[in-house]
Each structure stands twice: as C-alpha cells, then as structure tokens.
Amino acid sequence: MKERLAAIGNYLNDKSGKKINFKTIKADSYYRGILFTYMREDYLITDSKPEMIDILWKMSAARSEDFNKKDAKRYTHIKFRKAKEKKVLNYNYKGRNYFIVEL
1 MKERLAAIGN YLNDKSGKKI NFKTIKADSY YRGILFTYMR EDYLITDSKP EMIDILWKMS
61 AARSEDFNKK DAKRYTHIKF RKAKEKKVLN YNYKGRNYFI VEL
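Numbered per the numbering used here, the sequence shown spans residues 1 to 103.
What the hints contain is simulated information worked out from the structure, not anything from laboratory work.
Glycine included, every Cβ here is placed at the ideal spot set by N, Cα and C.
Hints may be right or wrong, so weigh each one.
To be verified - FRET-style restraints, in silico, Cβ to Cβ: (1) Lys-87 x Ile-20: 19 to 27 Å; (2) Pro-50 x Lys-18: 32 to 40 Å; (3) Lys-84 x Glu-41: 14 to 22 Å; (4) Lys-69 x Gly-95: 41 to 49 Å; (5) Glu-65 x Asn-21: 16 to 24 Å; (6) Ile-20 x Lys-49: 25 to 33 Å.
Claimed, not checked - Each computed DMTMM-like pair below joins lysine to aspartate or glutamate, with the alpha-carbon atoms no more than 25 Å apart: (7) Lys-19 x Glu-51; (8) Lys-94 x Asp-71; (9) Lys-69 x Asp-47; (10) Lys-70 x Asp-14; (11) Lys-58 x Glu-102; (12) Lys-87 x Asp-42; (13) Lys-23 x Asp-42; (14) Lys-18 x Asp-66; (15) Lys-94 x Asp-66; (16) Lys-58 x Asp-28; (17) Lys-26 x Glu-51; (18) Lys-2 x Asp-66; (19) Lys-82 x Asp-66; (20) Lys-87 x Glu-41; (21) Lys-23 x Glu-41; (22) Lys-26 x Glu-41; (23) Lys-58 x Asp-71; (24) Lys-23 x Asp-66; (25) Lys-2 x Glu-102; (26) Lys-15 x Asp-66; (27) Lys-2 x Asp-14; (28) Lys-23 x Asp-54; (29) Lys-94 x Asp-47; (30) Lys-58 x Asp-14; (31) Lys-94 x Asp-14; (32) Lys-19 x Asp-71; (33) Lys-70 x Asp-47; (34) Lys-18 x Asp-42; (35) Lys-26 x Asp-14; (36) Lys-2 x Asp-47; (37) Lys-82 x Glu-41; (38) Lys-18 x Glu-51.
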C-alpha cells in the first residue's frame, strides 16, 4: 500500500506541477489500498490491469444493498456508477507500471 500511496502522490505532483503534502492523501476503508482521496477527488490505483478492470466493474454494478447504511450514499454515487467508462491511465513510478483512474 505504501508503494501505491507514493505512486499516487507522485502522480498528483506531476499533474499539478507543485509539491503536495502526502499526509493529505487518505486511504479508503472499504476499497483498502486501491481507492485514495485527495482534495475531494477519488483515485483508483493498482499495478495490475485485470484487477483494475475488475474493480471498475464491481463499482459500476454496486447497489445500495451491498453496503451498510452509512456507506451506501458514498459508494453508490454517480461517479462510482460511471467508473467503468473512465479512462485508465498508465503511470510509471520507480520502474513499475501503475494504472490510475480519476473518478
């Protein structure tokens, strides 16, 4: 998970063109190690393309009955339902390829 956090932090540094505080990147409790939040934006990151496609399809097919009441509103938001339509970016960090999707 630390490698993914470092990769997403470096991606955000490159994207914004300025240094960010990595402590402001929060890991999600439900999609642990895959979904990260920074400044109200959600990012999925994996080092395996089949895993990324599987997660995107699961997010798109999720219903409110699949989650507890507290999390149902967040994980059934329209941005999660349209996750499979998002473009998967290939990002190289320290010689490893990571696949990133901005939700």
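Keeping to a limit of 25 Å between CA atoms, is the pair of Lys-19 and Glu-51 held or broken? Not satisfied, since the Cα-Cα distance of roughly 29 Å exceeds 25 Å.
Okay, Ile-20 versus Lys-49 on CB: inside 25 to 33 Å? holds, 26 Å
Pairwise hint evaluation, Asp-71 against Lys-58, where the allowed Cα distance is 25 Å at most: Answer holds: Lys-58 to Asp-71 is near 15 Å, not above 25 Å.
Range hint 16 to 24 Å (beta carbons of Glu-65 and Asn-21) holds or violated: violated, 37 Å
Check the hint pairing Lys-2 with Asp-47 against an upper bound of 25 Å on the C-alpha distance. holds, 13 Å
Does the structure keep Lys-82 and Asp-66 at a Cα separation of 25 Å or less? holds, 17 Å
Next pair to validate is Lys-58 with Asp-14; report whether the Cα-Cα distance is within 25 Å. Violated, at roughly 29 Å.
Assess, step by step, whether the Cα of Lys-2 is no farther than 25 Å from the Cα of Asp-66, and give holds or violated. violated, 28 Å
Taken at face value, is the distance from the CA of Asp-47 to the CA of Lys-70 at most 25 Å? violated, 30 Å
Keeping to a limit of 25 Å between CA atoms, is the pair of Lys-26 and Asp-14 held or broken? Satisfied, since the Cα-Cα distance of roughly 18 Å is no more than 25 Å.
With a cut-off of 25 Å on the C-alpha distance, tell me whether Lys-94 and Asp-14 pass. holds, 14 Å
Has the hinted range 14 to 22 Å been met by the Cβ atoms of Lys-84 and Glu-41? Taking Cβ atoms as reference, Lys-84 and Glu-41 lie about 18 Å apart, which means the hint holds.
Hint violations for this structure: numbers 5, 7, 8, 9, 10, 14, 15, 18, 24, 26, 28, 30, 32, 33 and 38, all remaining hints satisfied.
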